[in-house]
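Since each chain sits alone in its own frame, please combine them into the complex, following the hints.
So the protein lines, in turn, are chains A and B. Okay, so the first sequence: first residue is 2 according to my numbering, each after it adds one. Okay, so the second sequence: first residue is -14 according to my numbering, each after it adds one.
Derived from the structure by calculation, the hints contain no laboratory data. Every residue gets a Cβ at the ideal spot worked out from N, C-alpha and C, and that includes glycine. Some hints could be false.
[To be verified] The following label-pair restraints were derived from C-beta to C-beta distances:
#1 Ala67(B) <-> Leu88(A): 53 to 61 Å
#2 Lys62(A) <-> Pro64(B): 44 to 52 Å
#3 Asp172(A) <-> Gly62(B): 52 to 60 Å
#4 Met63(B) <-> Leu233(A): 47 to 55 Å
#5 Glu27(B) <-> Gly211(A): 24 to 32 Å
#6 Phe55(B) <-> His37(A): 31 to 39 Å
#7 Asn236(A) <-> Gly62(B): 54 to 62 Å
#8 Leu88(A) <-> His45(B): 44 to 52 Å
#9 Thr208(A) <-> Arg19(B): 22 to 30 Å
#10 Asp218(A) <-> Arg(-12)(B): 27 to 35 Å
[Claimed, not checked] Distance condition first, Cα-Cα at most 20 Å in a straight line; then the derived SDA-like pairs of lysine to any residue:
#11 Lys39(B) <-> Ser200(A)
#12 Lys212(A) <-> Glu6(B)
#13 Lys221(A) <-> Val169(A)
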Amino acid sequence: MLNPFVEKLTRCGQLSDAEKLILGQVTAAVIDVKPHTDLILEGDRPSTVYVLMSGFAYRYKILADGARQIVSYMVPGDLCNPHIFILKRMDHTIATLSACKVAELSATDIVRMTDHHPGIARALWWATLVDESVSREWISNIGRRRAIERVAHLLCEMVLRLRIVGLVEDDRFELPVTQVELADTVAVTNVHMNRVINSLRRLGLITLRGKNVTIIDLEKLQKLAGFTPDYLHINGTFLGNPSQSAT
Amino acid sequence: MTRFFFHVHDGRSFPDPEGTELSDIFEAQAEAARLSGELLREIGREFWERGLWKMDVTDHTGLALFTLTFTAVEHAGMPAKA
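Chain B with its partners taken away, still in its complex shape (with noise of 0.2 Å):
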């Protein structure tokens, strides 16, 4: 069992202060993934206040292990905004 870190960068969420312990790098990978759908499901239109949304995993010392990202890209068919 290893203990990693899932800090979210939505412009309000805290650094993950204790971490989980998963038995390894690929269930941390899978873990990843659910959570970010997990907590993209409850953010809605405050999404499009930044528009970017990042969850950096790293293991106990804050050796960076992977990124998730998702990002908003506006066309030039959008329409005008008032």
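The following block holds chain A by itself, in its conformation from the complex (with noise of 0.2 Å):
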């Protein structure tokens, strides 16, 4: 059974074999938290550092006039963030989408971790690289593409994303978000997101069945999208791969 959190960090090329296990042994113990319940909030106090093991959360702010934005979606392996502790309060709230299995971490568990083993320092450090990567893309296509691109896009992110938590069979894959949250994500009206869905049918790109996403062309999906997945540097570091023997 693989743990997501480790096969997500050792993409990053900087993780020894012992450094693995300590990275399952800190995730084994995990809560179940229901659906559509907050996690932490904007505003709070951020002493827990979440690890998603598996199901969806996603990340939102609220604006003055009760609006809804939705800033980034979490997928198994992902955490939010790891130095999340050093900051006073939390600038958006963490809830979750599906029901979830989290792993909690405290300031104390990192801080050992990443001062006793440099792979999990620079794993932890990639990931929070990655992040604010994704975040970038995420700017670019709201600001910048058109709404069904942006949906085309956010699909073609979440295929590779999840695919390298094992989350993807035959370009199927679970999504649970309604319309109107994946219409508050890429910022466009919930009737936007009803023409952009049923668009994307017509054209034969993929089917949606409540959470079921089929992608049946992903070539041309990533085409209309204008989508490159090095944004998501899933192919490692500059640094290279440490020794083996490291612990």
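This is the structure in structure tokens:
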């Protein structure tokens, strides 16, 4: 049974076998969280680092007029953020979309691991940078792409991120996100999202039934979205692989 | 909740096949205005090929509720086009 956290961080090529073991151990204990439950609110003092081990979560902000902007999705293996405890207050809310299993790491856990295991320190650093890179892509996505391109791009991204943690089978995956939530993610109205989904279906690019997404033509979908996977940095770092005997 | 259908006439759109459930007619009007802006934003130069853009909103029986129109009018001051 693969540990998605270890699977994801292994991608950066900085972890020794011993370090992978430690990361697995530290995320062995999980709590069950119901769907649509806030884990930590904007404005709260962040003392816990959440690692998503199963299910979907998201980060969002609520504006003064009550409008919601979803600023990121978390899939199994994602954490937020390794050093969040340095900040005084959360600048966003983290909540579950589906039922989730979440591992909780304390500041002490993180500091102890990174002090003694340089590979882990670099892996967490990489994970943070990837998050930032994804945020930049999302800004460009919402800022410049047409609505249908925004959704296509998001789906292309989800396929890759979920494939890394073994959650895509034959270009099929679960996306437990409602149309309203999708609309709040790519900043279009609910009705517009409805149109976009129907257009993607009509173009023969996807099927979407409830939370089940099938990508019928990934290449065409990527072309529509102008998607290239580089910003996900899933092929490691520049630093090269450490010696396997390092602990 | 009531289902409303948003049909866009821009020379290329299909009729709304399934509509969207909204709380009332006022929400439908707000959505229509916002949706119009979002769609028009994407058209750009192509808008001038027809110079007309329309959104008809109906109920589930096809009964017309309201229409939003965006029209272009070129005046005498326009330079001659090649």
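State, for the Cβ atoms of aspartate 218(A) and arginine -12(B), whether the hinted interval 27 to 35 Å holds or is violated.
-> holds, 30 Å
Between methionine 63(B) and leucine 233(A), is the Cβ distance one that fits in 47 to 55 Å?
-> Holds: the Cβ-Cβ distance is about 48 Å, inside 47 to 55 Å.
Lying within 31 to 39 Å: is that true of the beta-carbon distance phenylalanine 55(B) to histidine 37(A)?
-> Holds - the Cβ-Cβ distance for phenylalanine 55(B) and histidine 37(A), about 38 Å, lies within 31 to 39 Å.
Pair hint outcome, lysine 221(A) versus valine 169(A) [Cα-Cα no greater than 20 Å] | Holds - the C-alpha atoms of valine 169(A) and lysine 221(A) are around 18 Å apart, at most 20 Å.
Honestly, do asparagine 236(A) and glycine 62(B) meet the 54 to 62 Å range at C-beta?
-> holds, 57 Å
Alanine 67(B) and leucine 88(A), beta-carbon distance inside 53 to 61 Å?
-> holds, 59 Å
Can the suggested window of 44 to 52 Å be confirmed for the beta-carbon pair leucine 88(A) and histidine 45(B)?
-> holds, 49 Å
Supplied distance hint 24 to 32 Å, evaluated on CB atoms of glutamate 27(B) and glycine 211(A) = holds, 28 Å
Hint check for proline 64(B) and lysine 62(A) - Cβ pair distance inside 44 to 52 Å | At 47 Å between Cβs, range holds.
Is lysine 212(A) close enough to glutamate 6(B), meaning Cα to Cα at most 20 Å?
-> holds, 19 Å
Are the Cα positions of lysine 39(B) and serine 200(A) separated by 20 Å at most?
-> It holds: about 19 Å lies between the C-alpha atoms, which stays within 20 Å.
Could one say that the CB atoms of threonine 208(A) and arginine 19(B) fall in the range 22 to 30 Å?
-> holds, 28 Å
Of the numbered hints stated above, none is contradicted by the structure.
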